[in-house]
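Read off the chains here:
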Amino acid sequence: GIQVEQSPPDLILQEGANSTLRCNFSDSVNNLQWFHQNPWGQLINLFYIPSGTKQNGRLSATTVATERYSLLYISSSQTTDSGVYFCAVVLGGYNKLIFGAGTRLAVHP
Amino acid sequence: EAGVAQSPRYKIIEKRQSVAFWCNPISGHATLYWYQQILGQGPKLLIQFQNNGVVDDSQLPKDRFSAERLKGVDSTLKIQPAKLEDSAVYLCASSFSSSEAFFGQGTRLTVV
Numbered sequence: 001g002i003q004v005e006q007s008p009p010d011l012i013l014q015e016g017a018n019s020t021l022r023c024n025f026s027d028s029v030n031n032l033q034w035f036h037q038n039p040w041g042q043l044i045n046l047f048y049i050p051s052g053t054k055q056n057g058r059l060s061a062t063t064v065a066t067e068r069y070s071l072l073y074i075s076s077s078q079t080t081d082s083g084v085y086f087c088a089v090v091l092g093g094y095n096k097l098i099f100g101a102g103t104r105l106a107v108h109p
Numbered sequence: 001e002a003g004v005a006q007s008p009r010y011k012i013i014e015k016r017q018s019v020a021f022w023c024n025p026i027s028g029h030a031t032l033y034w035y036q037q038i039l040g041q042g043p044k045l046l047i048q049f050q051n052n053g054v055v056d057d058s059q060l061p062k063d064r065f066s067a068e069r070l071k072g073v074d075s076t077l078k079i080q081p082a083k084l085e086d087s088a089v090y091l092c093a094s095s096f097s098s099s100e101a102f103f104g105q106g107t108r109l110t111v112v
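Heads up: the sequence lines are chains A and B, in that order.
Each residue of the first sequence is one higher than the one before, counting from 1 in our numbering.
Each residue of the second sequence is one higher than the one before, counting from 1 in our numbering.
To be clear, the hints were calculated from the coordinates, so they are not data collected in a lab.
All figures in this text were calculated on a predicted structure; none of them were measured in a lab.
There's no promise every hint is true.
What the hints assert, rightly or not - Just the calculated beta-carbon pair ranges, DEER-fashion: (1) I44(A) with D74(B): 18 to 26 angstroms; (2) N24(A) with D74(B): 30 to 38 angstroms; (3) P9(A) with E85(B): 44 to 52 angstroms; (4) L70(B) with T80(A): 38 to 46 angstroms.
Note that CB positions come from ideal geometry on N, CA and C, so glycine has one too.
Chain A on its own, in the form it takes in the complex (with noise of 0.2 angstroms):
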């Protein structure tokens, strides 16, 4: 089955520093799906994204479905971003949602 791997695994910051989380996948994918995890297991969408490139505010993802990965940017970062990022995968017919495991991110003031 697919591979969906994300980097790096843990990450440290600082208030205000900026980061770039990346998710590369084995093969083709119809679309793909960015996600934050908050402290209370909510998982929030932050992005649906199966090519180019999208902006909400201090975060921006990037997908290159010809080269198989993703990048999520988070600029200025804030003790509310704190939490584990996942990316996901949708493919087939019935679009199976298939998860990464993440990227978790602590954010100090």
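For chain A, the structure is supplied; the task is to place chain B on it using the hints.
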């Protein structure tokens, strides 16, 4: 628009007991997913429904887990009998056709 609803939020049971979780997807969403998330790991797909039919249950431990989605709306996931390794958060998600998926708050199961 109401989100995906799950209940209960928390459940503690003894091993070998049975437990059931309930999910009500976003109105109009034909696709419903159940995931298991063990602490420190990414969510693992257990079963996926399209309307009331199963389209993927390849990772569902069918000797103890079962799920149904009667009438193509809400769904229940059951574990019988539970094992210690079933302790996890069980997440339900739904999507409309080929659009993005949205998740409920999850049910945290502890098996003691």
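Status of each hint after checking the structure:
The given range of 18 to 26 angstroms is respected by I44(A) and D74(B), whose C-beta atoms sit roughly 23 angstroms from each other. Evaluation of the 30 to 38 angstroms hint for N24(A) and D74(B) yields a pass: the beta carbon distance comes to about 36 angstroms. The supplied range of 44 to 52 angstroms is broken by P9(A) and E85(B), whose beta-carbon atoms lie about 23 angstroms from each other. Between L70(B) and T80(A) the C-beta distance comes to about 40 angstroms, which sits within the given range of 38 to 46 angstroms.
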